[in-house]
Each structure stands twice: as structure tokens, then as C-alpha cells.
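These are the residues of each chain, in order.
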Amino acid sequence: MKLKKSYGGNNLGNNKINEKIINMIREKAKDNELIGDFLIELLYHENEHPNRWKYKKFYKRKIKKFIEKGDSKNED
Amino acid sequence: MRIEKIKLHNYRQYRDVEIPFYNEKLNICIGKMGIGKTNILNAINWCLYGEEPYLSMESKGLPILNLATIENSENVESRSIKIEIWVTTDDNQKIIFERKVRFLIYDGKIKNPVAAESPHFEVKISNKEGNFEIFKDEDAKPYIERFVPRGTKEFFFFDGERLDKYFREATAEKIKHSIFQICQMNLLEKVKENLENVIKDYKREAGKNNPEIDAKNKKLEDIRKSLKDCKSQISKVNEQIVIAKNKKEEYNEKLRGLPDTVKLQKRKNILQERKKEKEIYLDTKKDNKHDILFEIGKNLMLFESIKNSISIIEEKERKKEIPPTIDRNLLKHLLENNKCICGRQIEVGSQEEEKLNELLKGIKLSSFISRELLHMKNPLISIHDEIKQFKIKTKEITEEISRYQKELDDINTEISQIDNELGGFDIEKIRMWHQAYQDFEKIYSENHAKLIIFNGEKEGYLNDIENLENEIDNDIKKKKILEQIRCYHDFSKKAYNVLKNTKDTIMDEIRKEVAIETKRIFFDLMWKEKTFEDVTINEDYNISVTHVMGYECLGSISGGEREILALSFTLALHKISGFDSPIIIDRPLTMVSGESREYVAKIFLELALERQIMLLLTPDEFKDVRKFWSNDFCNFKEIRLVGEREVKLEAL
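These protein sequences, in sequence, are chains H and S. So for the first sequence, our numbering puts the first residue at 1; every next one is plus one. So for the second sequence, our numbering puts the first residue at 1; every next one is plus one.
Bear in mind the hints are in silico, worked out from the structure with no lab data behind them. Keep in mind the model is a prediction, meaning the values are calculated, not measured. A virtual CB, placed ideally from N, CA and C, is assigned to each residue, including glycine. Hints are not guaranteed to be accurate.
[What the hints assert, rightly or not] If you anchor each label on the Cβ, the simulated ranges turn out as follows:
| id | chain 1 | residue 1 | chain 2 | residue 2 | range |
| --- | --- | --- | --- | --- | --- |
| 1 | S | 136 | H | 33 | 34 to 40 Å |
| 2 | H | 64 | S | 478 | 20 to 26 Å |
| 3 | H | 34 | S | 462 | 24 to 30 Å |
| 4 | S | 226 | H | 64 | 29 to 35 Å |
| 5 | S | 459 | H | 33 | 41 to 47 Å |
| 6 | S | 448 | H | 26 | 38 to 44 Å |
| 7 | S | 478 | H | 34 | 33 to 39 Å |
| 8 | H | 19 | S | 539 | 21 to 27 Å |
| 9 | H | 64 | S | 2 | 53 to 59 Å |
| 10 | S | 448 | H | 64 | 46 to 52 Å |
| 11 | H | 26 | S | 34 | 52 to 58 Å |
| 12 | H | 64 | S | 446 | 48 to 54 Å |
| 13 | H | 19 | S | 2 | 20 to 26 Å |
Required output: the full structure, derived from the provided sequences and hints.
The structure is reproduced here in C-alpha cells:
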């Protein structure tokens, strides 16, 4: 199984995520790609925070951002 | 990734030691017990994760700073411990993991056992220009996850005993946990948990605006707590089931081929009871026979006489001699007195006298004798019949005695056979094994019953949670004022469900892959042909090894076989997860004995061609396997004591 290098482009971006996980999320979220993107982004961020971190704030911000992204896509 | 070298500075016994790692060669470090081999594992763990999981009791009492360094320091001095792990990635990038900590020393003693400052951790990574970029502390930690993630470190750096214990003590939960850890399922689970908490937050927020939702949220929390307790019970019960199952198999294997002493002993006891009964019956019958012989024996000798007497009497009866028609004495009296019964005179020489004499001659027995003979007849017949009956009775009783004797002989033969079967075995030990088997059988059944109950409870809680969550979701949808929260909540919920489906599907797929790979590697490495039929990991994450004879034999395989199985499972996890970091094993041959050692030693040699392996061995362990490891394929280093406080690494 291959491991995919990080997505996101920050300087912590060398973390690896099991490719199987990424592909399966894509498959399970094929009806709503936005959710797939959202989850993959969360995974990379979670991988970069092996210890405790203030995830709630971050998650909520991401949820808001992705909903807005969805809304703007729908408007287009 | 490959380790190039590990540099240890002032770390415990290692004042200034560099441990080189070779590729395509088995790296062997030999050192006497207590010299500090295991501290190489501790050094790696300390450098990467800031912990020393394999410290001996002796080491725990000593400072982490090298003792010689402390003693050689004068007045107030600052001394540092530093460990560096030099790694090369597959695309030739250099990474140096480094942890250091500083201590203050006053007159040869550490001022404070706690370091003067917090340990510093940093990672240096070479860039395309060959320069190193430095990442410190929290920024550096993600690189460890790239090398050997903390959650999976025990699959890369471990002691040999772990390999032995792994499937001896492993429960399905442990196997599941291992797959979970190494395949980053923990990452998926973490996102899932965090998302779940965010969803709970949205629900709570909605509850603030609606007491009905708030009450349902509280109820939901209570059920979740009960579910958590229930899952914990299920986990414990499962653990007990696997332990009991393995123990049952272990004892079953021990008892295989041995006589069933409990059954045989039970049979012997029954036979001995029967023997006693039969002996008593036999003795009684013999006494009966004796009594009969005694009673009738004396008449037995007179049998012929009695028989003749009866014949004589019967003959006389037949001849009408008895009873006589006229009394003999009366005739004699009539002749002597010459008078007839009627009183008439009987003349001498008369016809009457002649007639009376003729009658007298014809009567041989007197009436008395005749009467006596008649009286004797019936008792004689009775004795005669008794004697005749005696023959039948003695025949019957003799037959009975021989039947009992035969049964007694059969019982004695069976007892001797049982004694022969039990001969040469430690009956008490076998009995204890039987008892242990039955005890574990009981534990197994009891826990199975508990599992059914707990699983039922779990299902109930899950249903309650689902229903309540649906109710809350509907409540949120109904309240227009909660529009925004509903929007966030719904998005999170959808994402959560995708994640949950992903996790369930991947876990199952990975379990199957690990099972197939473990089996493949196991049969590849196993030196014994036609011994094992199959290796499987079922849906409940229970591993099982099937013998070619068809029985489950995980509990009874040898130390060497168990080590190969655990190694196969570990390598399968590495392959499936994509992590191919080096493996360092402390004393891998400890639990392997006999010819298995030779095979395990050769297997490590083969594995070293594909990945970096370092084994830490005692001289005794090394002596046993040295002949199988040629210098061409191995690199040998010996840890030697220098003075009393430090060690050096020298080529062997």
C-alpha cells in the first residue's frame, strides 16, 4: 500500500496518509465531493497534531468554510 | 527508510558510542546480561518519543546521565545527554532525529535528578542543495510519525519476549488494536471522535434554545455512558474468552496422546468396587456350597445303602410281605397252646396244626419289623431325594461360583490393562491438566454466556441512541430559529457518516489483507512442512492456526513457531501499512529453543536482505546460532565494558 504525502502545502506537509483511507473516503463521498475534501483536509490536519490541540474551533471553522464553498458552488 | 547510525552521547552506559547500521546485512549486537543492550532500545525510544519503556530495575535507580561523566566532572559543570538517529529516506533525503537534555553537576554529583532544562527535540532534514533545515519540538514531531509513528513503535522496536507473548496473550482486541494503530485507523477514529464531539456541541447549542432538545441531549449522554461501560465489559469478556480458548487448546495439546487418566481412574475405581462385591458374592457362594456339602455329605456315603433299603422295602411291599396279613406271634401262640382263636382244641398232627405251621413258615417278618420298615420308608425316600437334589444344587452353585470367578478374572484383567495404560505417566500431573482444562472450559462457557447478554445490552443502547439522535435531528429541523445550527449540524453528520462507513469498510478490508499476508509470510518462513493447514484472522479478529489434522493449535505451537507467527503478523502489518522502517529486537531467541533456534536464526538472515534488522543478543544466545550467520551476510558488534561506568562498541 502506498502512502500519500501531505496535501495542504504547509511546512509540515511531509506527513503520510494511508492511500487506502483517502481513496475510500473519496468513494464513500462520491455523491458529495465537498464532504470528501473536508474530511481529507481534517485528516491531514489531525495527522499534524499528534498531541492535544484545539480542534473544535478549527473543525467548526472548516465546517463553516466548506458550507460557504458549497453555497457559492450552488450559486454558480 | 534506513537507519545509517545512532549516536549516543552520555546516555546511561554509552558515553560516546556510534552504532552503525548496515543494509542487506543482519546487524547483530552482542552483550552480556546487564551490560546495556536493552538500553539501545531505550535510547531510540527516548530520542524519538522521550520515554524509556524497557528500563531494567537496576537502570531505573541510576541517573540517565552517564556515571563516568558525572564522576569526572569538577565543581559546577553542565553536561548534556544527546542521542541522534541518522536516517536516509528512499529518495536519499537525510533526516537526523536528535534529542538532548542538560544537567548541572556539582562536585561529581547531579545537582538535581531532574534535568536543568526540558529536553530539546529537533529534526534536521537535508534539502536539495544538501543543506539541513531544522524543525524543533512540536514542529519536529510530525517527522517521527513519518518514520515510526508513536502508536506503532512497538511493532518496530521491541523485546523478543513480546514476540513470544503476542499470540499467547493476545486477544482479538489486541489484534484489532494493532491493525488499527499501524494502518492509521486511529487517525480516522480521532477525526471521527472529534467530529462527533463537534456534532454534540451543535446539539447542545440547539438545546440552549430549546429545553426539550436539552433534556434529550442529557438523556443521550447517559445512554452513551452506559454504552461505553457495556463496551468495556464486552472487551473484558472477549479477553477472557480468548485466554480461556488458548489455555484450553494448550492443555488439550498437553493431554493429546496421553491416557485419559481421569476417565481411566474412574473406571478403575468402579471396577475395584465391583471386584469387592464379586469377591463377597463368591465367598458367600463358596460358603453355601461348603454348608451343603457338610449337611448332605454325611448322608452321601449312605446313598447306596439307602437306595438299597428303599428297594428292599418296596420289593417286600410288592411281594405283599409287608405289611403281613397275620401276626406271626399270634400263630406261634396258637400252636404252642394248641387252641384256635375261637377256643377249639387243635389236635397234634391235625390238619389245622399243619395249616398253621404252613402259615407260620410263610410269614418271614414280624409285624413289628414290618411296621418299622414301613416307618423307615418315607424318611429314606426323603433322604434319597435330598441327596439327588444335592447334585443339582451343587451343580448350580458350582456354575455360579465359576461365573463369578470368570467375572472377577475379567475385572482383574481390565484393572491390569488400566494399570498398564497409566504406567509410566505422572498421574497427578495429568489429573491437574485435566482439571485445568475443565476450569478453562467453564470460564470459556461462562464468558460466552455473559457476552451474549452484554451484546444484547449493547444493541439496545445503540438503538436508543439512534432513536434519540433522530428525534433531536427532527427537533432541530423543525425549529426555524435553529436554521444555521441545523446547517452545520447536518453537514457534520453527513461527514461523520461517510467517515464511519469508510472506517468500517477499510477495517474489514485491512483485516482480510493482514490475514492473507500473515498466512503467506508464515508459510513462507515456516520450516516445518505439512504441519499447518491454515492461518486465519476471523471477523472478530481472533487469530487461529489450523493443524493439518484439522484441529486448532494456536495454544500449543512451540516457542519458535509462535515467534514466527508473531513476526509474520508484524511484517504483514508493516506491508499493509506501508511503513518499512527498520526493526530492532532485543533478545529475539530468548523463548526459542532446540532446533527452532536454528530456523529462526536463518529466517532473520533472509529478512535482513529485504529490510534493516538489528538483533541484540547475549553471548550464549549468539554462540548457539553463530554458525548459521556468515560474516558475508552479517555485521557483528560487541558491547564491551570499559572501566566500570561505560561501554564501547567493537567489531567482533
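Flag every earlier hint the structure violates by its number, smallest first. 5, 7, 9
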